[in-house]
Structure formats: C-alpha cells, structure tokens
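Participant: Sequence:
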Amino acid sequence: MKEPQKNRAKTANWLVAPGLFWLLFFIVAPLVIVVIVSFATRGAYGKTLYDFTWSNYARALDALYLSAYWRTIWIALLTTTLCVVVSFPVAYYIALRAPERWKRILLVLTVIPFWTSFLIRTYAWMLLLRSEGVINSALLHSGLIHEPLPLLYNDFAILVGQVYGELPFMILPIYVALERLNTRLLEAAQDLGANRFWTFVKITLPLSRPGLLAGIVLVFIPSLGAFITPDLLGGAKSIMIGNLIQNQFAQLNQPFGSALSLLLTLAVLLLLVIAFRAGLKASELA
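Counting from 4, one number per residue, gives the positions in the sequence shown under the working numbering.
Quick caveat, the hints were computed from the structure, so don't treat them as lab data.
Wrong hints could be hidden among the right ones.
[Said to hold, decoys possible] Cut-off 20 Å, straight-line C-alpha distance, at most; resulting in silico cross-link-like pairs (DMTMM-like, lysine to aspartate or glutamate):
hint	residue 1	residue 2
1	205	194
2	240	65
3	240	158
As the structure is a prediction and not an experimental result, all values here were calculated from the model.
Take the sequences, apply the hints, and build the full model.
Facilitator: Below you can see the structure in the form of structure tokens.
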C-alpha cells in the first residue's frame, strides 16, 4: 500500500519540477540579481562596482524625484477611478441586460484591442491628439476652436492613453462577477419594495465586489509601472517612475535603476497584500 503512494509522490514531484525550475530561474534569480545590483555603485563608463552601500536607496528619497512619484500615484489612482466609472456600466449591461446572442460579440469587442500591439495603439493616440491630429482638425473645421488644443505631451494625454489601455482589465473581472450573480436575488429585493437604486446598492454592488477588487488590482498596479504611455504621450515634463527606471538603465546607471525597481516591487507587493486582505473581508461579508 505504501509503494503506490511513494510512486505517486515521485510522479507529483517530477510534475512540479519544471514549474519550480521556471519559477526559480526566471523569477527568483533575476530578483536576487536586482537586489545585489541595487547595493552596488556606478563606476566609470557605466561599470558596476560591487561595494555594498545604501546610497542608491538614499538617493531614491531625494526631493528631485518626488514629483515623479507623486505624478505616478495620482495618475494611477485617477486611471483606476475612471476605469471603474466607465467599466461598471459596460460590464453590467453585458452581464445582465444584453441579449444572449450579443454577449459574445460584445466580449469580443472588449478584447479586440489586445489583438494589436500596445505600442502601435499608443502611436495611434499620438496621431489623434497632436496639434495636426484628427481631433484638433475636426474641432478647427467645425469652428468650435480657433487654434489647436494642447492635447499631447502632458498629463492629460497620459491619462487618456492609460485609461484606454487598461479598460479591458477592469471590464472583464467585473463582468465575470456579475455573470455569476443570481438574478432571483434582484427580483426578491424588488418584490420586498426596494427600487432599482437600492437593489443595486444593497445586492448588485456587494456581490460584484470581488470582481471590482480584482479589476482595481489589475489596473492600478500596471499603471504604477507604466513607461511606454508616459514616454510617448507625456513628453519630457510628465515623467513617471517607470520612465525614471528606464532612463537610469539607458544611462548605464544600473545600481540606481535596480534600487528604484526594487522599491516599486515592494510597493506593489504591499498593495497586493492589502488587496488580498480586503478580498478576504469582502468574501466574509458576502
């Protein structure tokens, strides 16, 4: 009886081994390298000198970079908020109001942006927002404005690109949560005298909280580390922490770039822990 159990245990170990190797080699090992390099210093011609120092972390707290940190936080927060405001009605309609034959079509339309490179979509927004772009040209020809609006190379452009890029990551989790919603609960609430507003507040919103929380995590965390959208749509005056990290590695200052990357990773892990605990509380309340 013990022999078959041992054989099954060996088989399970062999099945787990490739995944464990992948985890250690491609995730843990690079992270260890980043930690080691973050305590090094930059030498002449970009050479990394491995002398243990905290100077990179002290430099990361310099007031010079606080504006980039602040811009990263408020743009990520505003991006997440706008995605929630836009996504919830869309997900609600697809899950609970759309005819059955239209649901798949609407879901396909939601994920269609993933079929095109994010870089190409960002360049498309540059064509739309620039001074000679589609939006300004249409407004000028209509007579609504007399000179082009500054729509590109500012925080507004970053926000537009971020919301557009992250929107599907908010719609899909909320849709999944609402799709599982038992509509009999909504009918029971209305039978007991609740109007549509209170039915939504007391029934729909609490039961959709897990999907909403998952969408917030999937949008907010990538927004913290974004660098393509700020780089192309924001210009030199709208630097976020992702651009700061990218610039340090481009300038061969790998120790400082590693320190910034590690601080961002720790911030993301902290947010994940908070979200996980909030999700447990939400499930307990549900």
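Participant: Please list, smallest to largest, the hint numbers that this structure does not respect.
Facilitator: When the structure is compared with the hints, none of them turns out to be violated.
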